[in-house]
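**Student:** Chains as they are written, first to last, in my numbering: chain A, -4 to 271; chain B, 3 to 307.
It is worth saying that the hints were derived from the structure and are not from the lab.
A quick note: this is a predicted structure, and the numbers were derived from the prediction, not measured.
Treat each hint with caution, since some may be false.
Per the computed footprint, the stretches of chain B lying under chain A, defined by three or more beta-carbons under 8 Å from a beta-carbon of chain A, are [unchecked claim]:
| no. | stretch |
| --- | --- |
| 1 | 61 to 73 |
| 2 | 80 to 94 |
| 3 | 168 to 175 |
| 4 | 193 to 207 |
| 5 | 216 to 229 |
Residues of chain B clear of chain A, computed beta-carbon distances all greater than 12 Å [said to hold, decoys possible]:
| no. | residue |
| --- | --- |
| 6 | 21 |
| 7 | 23 |
| 8 | 51 |
| 9 | 54 |
| 10 | 76 |
| 11 | 77 |
| 12 | 115 |
| 13 | 134 |
| 14 | 157 |
| 15 | 161 |
| 16 | 164 |
| 17 | 268 |
| 18 | 302 |
Each residue gets a CB set at the ideal place from its N, CA and C atoms; glycine is no exception.
Residue strings, one per chain:
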Amino acid sequence: MMFPRLSEIPRLVLLVLFALLFLFPFIYMIAFSIKPVGEIFAGSLSLLPESWSGLANFPDALRAAPLLRYLMNGVIVCAGILGFQLLFAVPCAFALAKLRFRGKSVVLGLVLFGLLIPIQATALPMYLGLAILGLLDTYAALIVPFVASVFAVFLFRQYFLTIPDDLLNAARLDGCGEFSVMVRIVLPLITPAATAFGIFSVVSHWNDLFWPLIAIRSPELNTPPLGILAFRSAEAGDRYGELMAGTVIITAPLIIAFLLAQRRFVEGISLGALKG
Amino acid sequence: MTADALPANSLVPSSRRSQAGIAWLFVAPLLIGLFLFLLLPSLGVVILSFSDWKLGEKNIAFYGLANYMELFTDPVFWNSATNTALYCLFVTPISVALGVWLAVLIESSRLGRVFFRSACFLPVVSTTVAMAIVWEFLLHPTLGPVNALLVLIGIPAQRFLSDAALVLPTLAAYGIWENAGYVMVLVMAGLKTIPSDLYSAASVDGADRPWERFWTITWPMLGPTMVFVVIIILLRVVRVFETVAALTQGGPHRASEVILYTIYLEGFNYFRIGYASALTVVFLLVMLILMLIKFRLLDRAAHYQ
């Protein structure tokens, strides 16, 4: 156990104050999620409830809206997006880093150009295209626009460039084709890069509101952010304890995952800095 | 590559021709996706911006720059552009300053580094919409603890989200809360690249005070990283949408309407596809300028390494 030196105390006090400022909404979210309605309306500042009957907020919230269904939708959509992103991007990045072919520089140029286009740019035509195909308001509408991630290609290509050619050539001499070189030699090496990208992708799509708001109409397809919005309007006003219990349920999966793997999350989300 | 590394290329079972074949096989799925979901829609939005098309109408007429002319005289557009600019002007500098300060403070602390870092980073990971709803409750005019606190110290309760003068600063406060931890993490990565001998050298020269060390070493060494960080944060902040959609819907009286929200309303609520496309193109141009600056900086950083 380390004890602070006297000279360090002002800094620690300051840091604790700021940490509290950042944590304040989380603390209140949890505190109010277990308060009965009466206590909330009494407007007290106390964090602990006077009676534990507020714990019923959680089962009540789950009865009021299919929150677990919304979480499940989040899992389906994020897993679908990430799966296709890896499936498309890894071979492409491998080819761009390690194989010779005509037109390589053109493909690379297109990938780099693609990095400049944000989702907001493509939303309108994408919406029209999906409407024409009759695919709006489906899981496909939530997944398809994101499957070709040029950002993933860019990242994995950088990573593949650091793998020595000799390693690949040794495998080729042993009779491996390009496909098995990729699957047997390269894939095991990219786990760290894939983890970081996976966290980045899942966090951004789990939290995204813009595209699901446009693409989805049916409540049963709600992603977590849409779900919590729907839950709030259904609650219409005064059942704040339930609403806070709902937000706890919706935010818990990512927060718990973050607390369990903080370093990985920081790495993954910092990747976003490259994407813009 | 293969040929350079191994002179006896014929020894390598997969000949160059089959390598090219398999390379295209590897590249094709992504390339098709890139065309369908990125390049084609981007081209589409530019073309639509010259049209008067509304969803559901059979006819489409192209009338050149009319949408852009309308846009530049549209008070709704200027209002949103001004709100977005003000929001960026609030959020970017304060998040960056706060993030740098937190990073330096936390890195120089012996105790609780992991805890402080996680506390500041938590808002970055959390679902914005859900946390915005929590904020809405915290700021509730009668039930919220923030107003209870204000009343306790003798300030009258405020209607943070329905007062036209307060709504944008309130959303900006959320933006700072959400982005400062992100800056902190990026700056911490930058701090790690500063050699520690520089600090010992400075202390030999008599720069012992924390702020002396900060201004003589940390700040100049962070310089290039900082420009990069400012652009990244600007790129995030200019896309503000979630909090507006969840908390204010642009209100009261458009006092918190931002560009992306206007695009959303015009395109997906009023279905004025042509006009919304023109708005998108203008928004894109701003983003594109920021991104080009960023890539130039990245490129330069790569050359220095």
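**Student:** Look at each hint and say if it fits the structure.
**Tutor:** Hints versus structure:
Only residues whose C-beta sits within less than 8 Å of a C-beta in chain A count toward coverage, and the stretch 61 to 73 of chain B has 0 of them, not enough to reach three; the restraint is violated. A stretch counts as covered by a chain when three or more of its residues have a beta carbon under 8 Å from one of that chain; for the stretch 80 to 94 of chain B and chain A the count is 0, and the coverage is violated. Judged by the Cβ-Cβ criterion of 8 Å, the stretch 168 to 175 of chain B is not covered by chain A as claimed, because only 0 of its residues qualify and three are needed. With 0 residues carrying a beta carbon less than 8 Å from a beta carbon of chain A, the stretch 193 to 207 of chain B misses the three-residue requirement, and the given coverage is violated.
Against chain A, the stretch 216 to 229 of chain B contributes 0 residues with a C-beta closer than 8 Å to a partner C-beta. That does not satisfy the three-residue criterion, and the hint is violated. Not every CB of chain A is more than 12 Å from the CB of residue 21(B) (nearest about 5 Å), against its label as outside the interface. At the 12 Å boundary, the C-beta of residue 23(B) falls inside the reach of chain A, the nearest C-beta of that chain being 8 Å off. The claim that residue 51(B) lies off the interface is violated: its Cβ sits roughly 9 Å from the closest Cβ of chain A, which falls inside the 12 Å cut-off.
Taking the minimum C-beta to C-beta distance to chain A, about 14 Å, the non-interface status of residue 54(B) holds against the 12 Å cut. Even its closest Cβ contact with chain A, about 18 Å, leaves residue 76(B) beyond 12 Å, as expected for a residue assigned away from the interface. The claim that residue 77(B) is not at the interface with chain A holds, since no C-beta of that chain comes within 12 Å of its own (minimum 22 Å). Distance to chain A contradicts residue 115(B) as a non-interface residue, since its nearest Cβ pair spans about 9 Å, not more than 12 Å.
Under the 12 Å C-beta cut-off, the non-interface status given to residue 134(B) relative to chain A is violated; the minimum distance is some 9 Å. A cut-off of 12 Å between C-beta atoms confirms that residue 157(B) is not in contact with chain A; the least separation is 15 Å. Every C-beta of chain A lies more than 12 Å from that of residue 161(B), the closest at about 16 Å, which supports listing it as non-interface. With a closest Cβ-Cβ approach of about 15 Å to chain A, residue 164(B) is found to remain outside the 12 Å limit, as its non-interface label requires.
A beta-carbon of chain A is positioned within 12 Å of the beta-carbon of residue 268(B); the least distance is around 10 Å. With a cut of 12 Å on Cβ distances, residue 302(B) stays outside the contact zone with chain A, its closest approach being about 15 Å.
In the structure shown, a violation is registered for the earlier hints numbered 1, 2, 3, 4, 5, 6, 7, 8, 12, 13 and 17, in ascending order.
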